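Construct all of the structure, not just a fragment, from the sequences and the given hints.
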Amino acid sequence: MTPLLLASTRATIPDLITFVVCAAVVLTGALGVVMSRNSVHAALSLVLTLFGVAVLFIEQDAQFLAAVQVIVYAGAIVVLFLFVIMFLGVDREENVAAEPLKGQRPLALVLVVIAATGIIFLAATSHWVTGAHAVAGSTTAGGHSNTYLLGRSVFTTYLWAFEITAGLLVIAVVGAVVLARRPSQVHEEPRDARPAAPGAGGPGDAAVASPPVAAAVAAGTGASGSTTDDGERRPVPAGVTGRAEDGMDERVTGS
Amino acid sequence: MLATTVIATPHIRYLAILPEIVLLGGGVVLLAVASLVRRQLRVRVGTLLTVAIAAGSLGVSLWQWADVTGRGGFTAIDHAVVVDGFSVLVNILVSCAVLLTALVADGYLLRERVGGAELQVLALVSASGAMIMGSANDLIVVFLGLEILSIALYVLAAFNSRREASGEAALKYFILGSFSSAVFVYGIALVYGATGSTNLAQIADFLSRNVLVHDGLLLAGLTLLLVGFSFKVAAVPFHMWTPDVYQGSPSPVTGFMAAVAKAGAFAAFLRVFLSSFGLLRADWRPVIYALAVVTLLVGAGLAVVQRDVKRMLAYSSINHAGFVLLGLQAATGRGASDALYYLFAYTFMVIGSFAVVSLIGRTGDVAHDLSTYRGLARRQPLLAVCFAVLLLAQAGAPFTTGLWAKLQVVLAAVDNGSVPLAVIAMASAALAAFFYLRLAVLMYSPAPASGGVLGEEEPGEQPVALTAGTVGPFRAGPAEQAMAEAQPQPVEELRAPAVRGARPVWAGTEQSVAVVDRLNAALLIDAETVTVDGETPASAAADQVGGDVERVEAPDPALVSKVPVPALSAVAIGLCVAVTVVFGFIPAPLVDFAHHATLLFVP
Amino acid sequence: MSIGPAWYLGLAAVLFAIGAIGVLVRRNVLVMFMCIELMLNAANLTFVTFSRVLGDIGGQSLVFFVLVVAAAEVVVGLGIVVAIFRRRKSTTADDLHVLKG
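Protein chains in written order, with this note's numbering: chain A, 1 to 255; chain B, 1 to 603; chain C, 1 to 101.
Calculated directly from the structure, the hints in this document are not laboratory data. Fair warning: there could be bad hints in the mix.
Short, incomplete list of chain B residues facing chain C, as computed with Cβ under 8 Å [unchecked claim]:
no. : residue
1   : 144
2   : 186
3   : 198
Computed spacing ranges between beta-carbons, pair by pair [said to hold, decoys possible]:
no. : chain 1 : residue 1 : chain 2 : residue 2 : range
4   : B       : 41        : A       : 113       : 42 to 50 Å
5   : B       : 29        : A       : 83        : 27 to 35 Å
6   : B       : 29        : A       : 12        : 54 to 62 Å
7   : A       : 107       : B       : 48        : 46 to 54 Å
8   : B       : 15        : A       : 145       : 31 to 39 Å
9   : B       : 9         : A       : 145       : 13 to 21 Å
10  : B       : 415       : A       : 41        : 52 to 60 Å
11  : B       : 59        : A       : 35        : 54 to 62 Å
Treat the numbers as computed from the prediction; the structure is a model and nothing was measured. For each residue, glycine too, the CB sits at the ideal point set by N, CA and C.
Set out below in structure tokens:
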């Protein structure tokens, strides 16, 4: 462990300084994300971490990835985050001190710290790296550039993985369209028409007539149940209270 | 220099990835076609095309099957994809699930009017993710397949934008799902560091050549992979998302999620742990053992106390995950194919069940309380029989695929010396049978009793109360005699005809039920206001006088009327029941089929 | 050449732990997403470090795919958040109360 922990033979003072500064930046940013009350501050702290990681990528000869990290993460993902924060309103502050589930926070802290310590301990006992070298191609093969080698690896060993990212992008596009669609005609559709709605819904329904009949029966006999203004009864199953807005029920379920 | 460097891309054998191409390409084509047709036709066109695409991928998968059984498995695209009996069976399973889901979703989309063919497109892409996982031979491909599967499911869970619960389910699923993905990818990173590769075959190769004296890094990575997979298959300490997500998602999507996500995640789980880390089985088997025990017990135990049918089925799906873990715990090729057979049987049972739940949920997809199922057999006997068969199959009743599935995994566990685990599995099956039977009995119990009674009962005591046979004449009026034969039967009698798929004795009283309904309508007597607690008809009057408090909680007549059954949903449910029962009677073909589905790389 | 990989891997593990704690402790959905990004970044840093130590370009390719996944995940996740919270006041997970779990 010692030769790995201490600077390896060719490490220089600038390398050491770079690492220390970047590590400090990364950790400061990470703590900022977790602890800041304001989501905008959290997003800006995230940028700090991402830049720190990008510099650490360069430090480890992954220049292309460093560029991608800055462009994709800081340039696209964080901007997307900020966009959503602004869209939903920036002035929302969270009461960080509030703890909804008693004891959940310390428990989470303890569990994660144990897990992280375990990982570091296990990794240290196995001298950090045990794997076979250069299985998918060397990082220095033939004196080619990092970008060339990365490209070759992506289009040979990881060709199938590269191709199926197309699926991910299709989902992202379709998903964004589906989610951005406003719930159409929610408010136009009167809630009390619900029992009759199946009639309009699909073919082959045999019971178009029965719900209105039942409703008329209820109104006629003056039976109990929550009766709305126009005399139709709302569907109120046992043990359920209807929510006025969109018909989802708050029901008591044990779990 | 730039002009002269040519990258030699690997040879691609298209047969290996044809099912995925059919689904993904089909999804894109469907997206284009759906945007060209009129809004009213969109759902129908989407359904038709999806069924065609799913049938196509099923056909291609069978072609693969013929190839694999004839010439053996192979890897393709620089060993990133593996085609063997196992992956082909996953492809077949997923294709069937997509086909059935398309049929079920058709009625749902027309009923809820929440958009056009996007649901089918996302289902197709999501299913291709499951196939990718099943045939992945590289951890990063497993990860990408997992993400394709999951991200599409997040969107699908949020699909019904009118239900607040749908969005919340999606958000919970998303947060916990991406958390588990991050854990999973960190696990991949550690395994990569420990073995130098993410290729499953190369990892296996490395581990067989090198004895790692210090395998801490590898074990840490393995643990994180295990946690990531456990999240996705909903094994117990990592199951928190399941009930909420299953309850909140649109019902057809829930069925799809339960079938396909479980199949894909378990397929990758089995392949990664058996083929790559088979040599470390001494390390991971005890962990899987413990996971299986808590999953079996917690799943069955918590399902019993649920009042929402979707939540109940969610916990029951956790219980099923425990059974599949039994097959993994056996850590043999036989165990893997038994687990796969279980998933195959489960796919049909769960999609059928959620198809029925989707119908009973009615417009708005909200009526999922247990009480809405009371008396279903009298209103819609055929639907009730189908649901009963599917539930009993999940319980592991004889003459259904459910029994054979449970038997296989339990035998696999026994073969491997895990007798206590097998005993626990049997006990949890008995516990699980209880809540399936409760629902089945509820359907065959008399018409909606006043809700107050149901609400007051301890959930666990319902079957006892209902099967005691003490429920007397439950309808006042002239039809009393006509209904006398429609009495509930004790569990044992009830179970037998339902299991055989035959119509129960009193199903023939459909006409008399109709007569009663008509008479009631004529007399302006609401079906449930005259429902009495059963001892004497006279108490009906007492009920009407003094039972106001009770009746406030009574089910609405709209909820106890017949639900419309679209033809395509009926076809889907029929197919599910047919597969469950036919292969329950003649188990040999499917069991043999699954036993051919062995992994290519089992050390 | 840089300093020893142990420091990098340790830093990545700590970063991962901070992210995990953030997801478990914070109630603001957007901050939870950011913490998941932290976790993915920790995994990326681990990949790159192993890639350097093993002299294997594969590790760097894997980072590439994780980036794509993160991008797709964020698009869909933020879409869900916007779809839900455009009708509500706050973005904390505790306001999600329709489903009791």
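Do the hints match the structure? See the list:
1. 144: With Cβ-Cβ at 6 Å, under 8 Å, it holds.
2. 186: holds (4 Å)
3. 198: Because about 7 Å separates residue 198 of chain B from the closest Cβ in chain C, which is inside the 8 Å limit, the hint holds.
4. B:41 - A:113: 42 to 50 Å: Cβ of residue 41 of chain B to Cβ of residue 113 of chain A: about 57 Å, so the range 42 to 50 Å is violated.
5. B:29 - A:83: 27 to 35 Å: holds (32 Å)
6. B:29 - A:12: 54 to 62 Å: holds (57 Å)
7. A:107 - B:48: 46 to 54 Å: holds (52 Å)
8. B:15 - A:145: 31 to 39 Å: Taking Cβ atoms as reference, residue 15 of chain B and residue 145 of chain A lie about 36 Å apart, which means the hint holds.
9. B:9 - A:145: 13 to 21 Å: holds (19 Å)
10. B:415 - A:41: 52 to 60 Å: Between residue 415 of chain B and residue 41 of chain A, where Cβ atoms are some 58 Å apart, the hint holds.
11. B:59 - A:35: 54 to 62 Å: holds (56 Å)
The earlier numbered hint that this structure contradicts is number 4, and it is the only one.
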